[in-house]
Amino acid sequence: MGRGPKRTAQTPFQRAVEEAEKLQQRAERRNGLEALAAYSKAAAFKGALESAQSPSPDGEEDVLEAWLCLAECYQNWGDAIQSTLAGMPDAELSEQVERDGTAKACALYARAVETYGRAPIDASAGAPVRADAAVNCANTLTSWAEVAGSDAERLPMLERAVGLYRAALAAEPDALTWSNLADAEVAAAVALAAAGDAATCERLAADARASYLAACELSSSEQGDDLPGLLCNWGAGLTALAGVAAPAQARRALLDEAALRLREAAAFDRGDPAPLCALGDALAAAAEIAESAAEGARLLEEAAQTGRPRAWRTRGWPSRGSLAAGAALPGHDAASELRAAIAQYGAALARPEGLGGWRQRADVRYNHACALALAGDAAGAAAILKALVSSGAVDAAAVTGDPDLAGVVIA
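When we follow the UniProt record's numbering, the leftmost residue of the sequence shown carries the number 1, and every step to the right adds one.
Just so you know, not all the hints are guaranteed correct.
Calculated lysine to aspartate or glutamate pairs in the EDC-like style (CA-CA distance at most 16 angstroms, straight line) [to be verified]:
| hint | residue 1 | residue 2 |
| --- | --- | --- |
| 1 | 41 | 18 |
| 2 | 46 | 114 |
| 3 | 46 | 21 |
| 4 | 104 | 79 |
| 5 | 46 | 65 |
| 6 | 22 | 65 |
| 7 | 46 | 19 |
| 8 | 386 | 402 |
| 9 | 46 | 62 |
| 10 | 41 | 28 |
| 11 | 41 | 19 |
Derived DEER-like restraints, expressed as beta-carbon distance ranges [to be verified]:
| hint | residue 1 | residue 2 | range |
| --- | --- | --- | --- |
| 12 | 199 | 18 | 48 to 54 angstroms |
| 13 | 128 | 19 | 28 to 34 angstroms |
| 14 | 103 | 401 | 50 to 56 angstroms |
| 15 | 156 | 19 | 35 to 41 angstroms |
| 16 | 403 | 354 | 25 to 31 angstroms |
| 17 | 267 | 400 | 42 to 48 angstroms |
Keep in mind the hints are simulated off the structure, nothing from the lab.
The model shown is predicted, which means the values in this text are computed figures rather than measured ones.
Every residue, glycine too, gets a C-beta built ideally from N, C-alpha and C.
Construct all of the structure, not just a fragment, from the sequences and the given hints.
Have a look at this one:
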């Protein structure tokens, strides 16, 4: 009987990498606390790398791939922590729990960014850019920026992410990377506006609009690109930019363009509520800055007819600002709007795990209180606000100074 080919014995490094890859795949199939436990084991990639000899007989490319797998593990672990926090029941989630979890996620994102840096991820490396590593590192930075404590912390992360996306695009053009770049440029523009740097904010806003256009122009269904998703991203990004645009005319132009892109996304009729959610937001925001009461009422009515009813069923709440604007507009059925909003807030808050983390849930409860106050239910609003103040989610002075809460007493 003949013998098969002789198998080459694995090095300790190869055995460790193989085991770490299995653990990472297992982690990716888990959710919640199970995923967190699995990712902690998947970080055994680090042990594999420590066992690699230098100079390595395993080959520099294999060692680099292991480093990138470790970076991805840290990145996914941080994302899993954020997802776990968002899915926790109210009874288990507190400000301290969220703060501790976010701090751990940020530490993992920092380790991921450092580890991705072992690959040539920008032109300064003096070697061909690894587009996949550059994009993953940029994605990590944007995730990190989302949970950073302040705009001062957030801005350097976003600026570096923008540079990495551009380096990746120079090496390998890709529609999704263009869209991710645009999102990062929007986030950076918003942070710059908060910092008072209007000139750089305006430049980045223009860059973002060009990047969204490039994403859609490069999109190809044959390549698996999601054009409706890219259009939805574009529209949502324009709405965010409108929030920091200075002249009212510029804000309105951005919101009109946002509505156009979101209608184009919704026209694909895939049953995805995201374009309609975002369209309702854009129309309601336009209503708040309408030049006349009649135009504002028309936009709010359009929001109610086209975007908001279906959007509410998914997301559960309208814009607080649009409710206030609607209540002040003659001819607009504010009472009906408020009743619908209050019902949707109640439905959404019955399942708070779908609303995000502790801070997001507190924001929704605050908006619920505002809707109740606008509808004349000061007692109901006060009950919610007292609980928010007691938990530390809201400052009592902010409640007193909010015009939407006039007449609500929480003392």
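Each hint, compared with the structure:
Of the pairs offered as hints, the one joining residue 41 and residue 18 holds, with about 13 angstroms between alpha carbons and a cut-off of 16 angstroms not exceeded. Taking the CA atoms of residue 46 and residue 114, the gap is about 13 angstroms. The hint holds against a cut of 16 angstroms. As the CA atoms of residue 46 and residue 21 are separated by approximately 12 angstroms, the hinted pair is consistent with the 16 angstroms bound. Between residue 104 and residue 79 the alpha-carbon distance is near 11 angstroms, which keeps this suggested pair within the 16 angstroms criterion.
Our distance criterion of 16 angstroms between C-alpha atoms is met by residue 46 and residue 65, whose separation comes to about 12 angstroms. Distance check on the hinted pair: residue 22 and residue 65 sit about 15 angstroms apart at the alpha-carbon level, within 16 angstroms; holds. Using a Cα cut-off of 16 angstroms, the hinted pair residue 46 and residue 19 holds, with the two alpha carbons roughly 12 angstroms apart. About 15 angstroms separates the Cα atoms of residue 386 and residue 402, which keeps this hinted pair within 16 angstroms; it holds.
Between the alpha carbons of residue 46 and residue 62 the distance comes to roughly 14 angstroms, so the proposed pair stays at or under 16 angstroms and holds. A hinted pair counts as satisfied when its Cα atoms are at most 16 angstroms apart, and residue 41 with residue 28 qualifies at roughly 12 angstroms. Restraint check: the Cα-Cα separation between residue 41 and residue 19 comes to about 10 angstroms, which is no more than 16 angstroms; the hinted pair holds. Look at residue 199 against residue 18: about 53 angstroms separates their beta carbons, and that is inside 48 to 54 angstroms.
A hinted range of 28 to 34 angstroms holds for the C-beta pair residue 128 and residue 19, which are about 31 angstroms apart. Range check, residue 103 to residue 401: Cβ separation about 31 angstroms, and the 50 to 56 angstroms hint is violated. As the Cβ distance of residue 156 to residue 19 is approximately 36 angstroms, the hint placing it in 35 to 41 angstroms holds. One distance hint, 25 to 31 angstroms for the beta-carbon pair residue 403 and residue 354, holds here, with the actual separation near 30 angstroms.
For residue 267 paired with residue 400, a C-beta distance near 46 angstroms keeps the hint of 42 to 48 angstroms intact.
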